[in-house]
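Protein sequence lines, in the order shown, are assigned to chains A and Y. So the first sequence is numbered by this note's numbering: it starts at 1 and just counts up by one. So the second sequence is numbered by this note's numbering: it starts at 1 and just counts up by one.
Be aware that a few hints might be false.
[To be verified] According to the in silico footprint, chain Y covers these stretches of chain A (three or more CB under 8 angstroms from chain Y): (1) 10-24; (2) 41-48; (3) 71-78; (4) 89-96.
[Said to hold, decoys possible] Listing some non-contacts, in silico: residues in chain A with all C-beta distances to chain Y over 10 angstroms: (5) Trp60; (6) Ser64; (7) Glu111; (8) Pro137.
[As the list claims (entries may be wrong)] Label-pair distances were calculated between CB atoms; the ranges are: (9) Y:Asp74 / A:Lys27: 46 to 52 angstroms; (10) Y:Asp183 / A:Asp24: 54 to 60 angstroms; (11) A:Ala118 / Y:Asn250: 49 to 55 angstroms; (12) Y:Pro253 / A:Ala112: 32 to 38 angstroms; (13) Y:Pro253 / A:Pro8: 31 to 37 angstroms; (14) A:Pro6 / Y:Asp183: 40 to 46 angstroms; (15) Y:Ser279 / A:Pro80: 34 to 40 angstroms; (16) A:Pro80 / Y:Asp183: 35 to 41 angstroms.
Think of the hints as simulated: they come from the structure by calculation, not from any bench. Glycine residues also receive a C-beta, built at the ideal position from the N, C-alpha and C atoms.
Spelled out, the chains give:
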Amino acid sequence: MADEKPNPPPPVPTPSLVSQPMWDAAKEGKLALQVDPVSGKAQFWPRPVNVQTGRADYEWREVSGKGTLSAWTKVHVPAPGFADRVPYILGSVDLVEGGRIVAQLVNVEDEALTPGMAVKVSWEKRSKETNVYQFEPDV
Amino acid sequence: MVDNFLRDKPVAIIAYGEVQNQRSSGKRPYEFAAEVMGQMLEKTGLKNSDIDGLATHMPTAEAGNTFYTNTLADNLGLQPRWLQLTDIGGCSPSGNIARAAAAIVTGQCEMVMCVAADSTGTTGVGHRRLGGYRQEFMEPIGFQGPPVAFGLISHAYDQKYGLNLEALGHLAVVQRNGALVNDNAIEQFRKPITVQDYMESRIIAEPIRLLDCVMRCDGGNGLLITSTERARAMGLEKLVYPVAYSEITNFEPDDPNPDVTETGFATVGPEVFAKAGMSPDDIDMFHPYDDFLIAMMLQMEQIGFCGRGEGADFILGTDMSPIGTLPLNTGGGQISAGQPGLGGGGVNLTEAIRQLMGEATGRQVEDAKNALVTGIGVIPYFRNWGSSNCMILEGA
Chain A
1 MADEKPNPPP PVPTPSLVSQ PMWDAAKEGK LALQVDPVSG KAQFWPRPVN
51 VQTGRADYEW REVSGKGTLS AWTKVHVPAP GFADRVPYIL GSVDLVEGGR
101 IVAQLVNVED EALTPGMAVK VSWEKRSKET NVYQFEPDV
Chain Y
1 MVDNFLRDKP VAIIAYGEVQ NQRSSGKRPY EFAAEVMGQM LEKTGLKNSD
51 IDGLATHMPT AEAGNTFYTN TLADNLGLQP RWLQLTDIGG CSPSGNIARA
101 AAAIVTGQCE MVMCVAADST GTTGVGHRRL GGYRQEFMEP IGFQGPPVAF
151 GLISHAYDQK YGLNLEALGH LAVVQRNGAL VNDNAIEQFR KPITVQDYME
201 SRIIAEPIRL LDCVMRCDGG NGLLITSTER ARAMGLEKLV YPVAYSEITN
251 FEPDDPNPDV TETGFATVGP EVFAKAGMSP DDIDMFHPYD DFLIAMMLQM
301 EQIGFCGRGE GADFILGTDM SPIGTLPLNT GGGQISAGQP GLGGGGVNLT
351 EAIRQLMGEA TGRQVEDAKN ALVTGIGVIP YFRNWGSSNC MILEGA
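The shape of chain A in the complex, shown without the other chains (with noise of 0.2 angstroms):
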């Protein structure tokens, strides 16, 4: 079509104050959670609390990037930015140290996912200083 705007770029995330030290990580290809001290969960987003307490006592943890799939969504109407990965797939994934992260799988076809399938942690270098996390079978 004549008045069809260009596939932009995806986004880069931008980070805040709070999230920075997750996307300084993301740089070196790490995973990195803020966690609860007490009771070991971790959470995902980052957020200005540990939502267990409500106070800014959590703990940045370097995790595995190990995790386990849950549920998953074939996209067939992209995102701004994912025009050229259509078909692509979500999924939510379980980290083994806790909390959840929604991302792009990667390197598998929906054919061959089940419900509980291990996955890790990947990388795609979105720009220069960002890495942004995809997942990929863990076998």
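Dock chain Y against chain A, hints included.
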């Protein structure tokens, strides 16, 4: 006994107003609010100067106007002594009834207009700024919009209980039949559909199809609420009473890996019945918030019309038409009447009030004495939805 300040019917809804939902009108929320107010002043004989309270929600079209409520009062020639801006998405319109009731019984104001109006069809949603997580953690991973969140919820439900597409398609057809006889339904949806049409509609984010989804549009609706004493003194006969209300936001925030098939309705559903001294069997009509078809099925299960995982059997075994045992969103719901942006929570609420006033031409439920109206608000970070509320209304 659960405390319930509405039990003795201290307040009454005396009028409602609604404009026809439109795809893209070029109008702003102010014009829709003016039309809605005009209808209600006409019905009641009141003047705008009689309104001393104003409750509304933040419209998508006005996102960024940090003085919206004040500007709205100015547009409408109102001098309110009590103002309320509520931002719990689809829970806002019925939530505003509860807030207005509290303001009236505590003497802060006497005659409140609750109005919901938006022009999302005209403005789109791209100009909004959703802080916290949407821009940083959802859009960069390819979050296309609410169909992705409901695709994941649907898949989780499918694994746990099995997803019955025929039952969802049945809900689509029941609601579409309502839109066919609702003059305020969006024009594009006033044609019949079949379960087959639902099954074959375009896939957005598996298993969510086009006909699972609500469509944003322009429109407005509202109501006038006052003390029951004043309503009776005015000699009005068609009164609708809010008799019980429960609301919850951010269900179980301390669970980092929640079951996304569970929602705040597990709390507010049973609670609103306890407040009203009623059970699901006592409900004459059900007007649940419908952004996606599966959201209605989850509500049926969690509010207590049926057990977990039994929603499909309940849907297929229950006549939900206006002559059935549990009439459902008789005007088409938002999915078939249109979702006027963040005023969408008022679509099913207005239909319930219209029914209880006996004015639902072509779809009137005979002898309906009460209705259960619900709201859902906000898509959070891949939990379930953000806010859930339930209100029971009774006719005079």
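Against the structure, the hints come out as follows:
Figure legend: the stretch 10-24 of chain A, annotated as covered by chain Y; annotation consistent (8 residues with Cβ-Cβ distances under 8 angstroms, at least 3 required). Counting residues of the stretch 41-48 of chain A whose CB lies closer than 8 angstroms to any CB of chain Y gives 5, so the stated coverage by that chain holds, three being the minimum. Given a C-beta distance limit of less than 8 angstroms, the hint that chain Y covers the stretch 71-78 of chain A holds, as 8 residues qualify and 3 suffice. A stretch counts as covered by a chain when three or more of its residues have a beta carbon under 8 angstroms from one of that chain; for the stretch 89-96 of chain A and chain Y the count is 3, and the coverage holds.
With a closest Cβ-Cβ approach of about 15 angstroms to chain Y, Trp60 (chain A) is found to remain outside the 10 angstroms limit, as its non-interface label requires. Against the 10 angstroms criterion, Ser64 (chain A) stays outside the reach of chain Y, whose nearest CB is about 16 angstroms from its own CB. Once the 10 angstroms rule is applied to beta carbons, Glu111 (chain A) is consistent with being away from chain Y; the minimum gap is 12 angstroms. A cut-off of 10 angstroms between C-beta atoms confirms that Pro137 (chain A) is not in contact with chain Y; the least separation is 18 angstroms.
Distance hint check for Asp74 (chain Y) and Lys27 (chain A): the Cβ-Cβ separation is about 49 angstroms, which falls inside the suggested range of 46 to 52 angstroms. For Asp183 (chain Y) paired with Asp24 (chain A), a C-beta distance near 58 angstroms keeps the hint of 54 to 60 angstroms intact. Checked against the given bound of 49 to 55 angstroms, the beta carbons of Ala118 (chain A) and Asn250 (chain Y), roughly 31 angstroms apart, lie outside it. Range check, Pro253 (chain Y) to Ala112 (chain A): Cβ separation about 34 angstroms, and the 32 to 38 angstroms hint holds.
For Pro253 (chain Y) paired with Pro8 (chain A), a C-beta distance near 34 angstroms keeps the hint of 31 to 37 angstroms intact. For Pro6 (chain A) paired with Asp183 (chain Y), a C-beta distance near 42 angstroms keeps the hint of 40 to 46 angstroms intact. Under the hint 34 to 40 angstroms, the C-beta atoms of Ser279 (chain Y) and Pro80 (chain A), about 47 angstroms apart, miss the expected range. At roughly 36 angstroms, the beta carbons of Pro80 (chain A) and Asp183 (chain Y) sit within the given window of 35 to 41 angstroms.
In summary, the structure is inconsistent with hints 11, 15 from the numbered list given earlier, while agreeing with the others.
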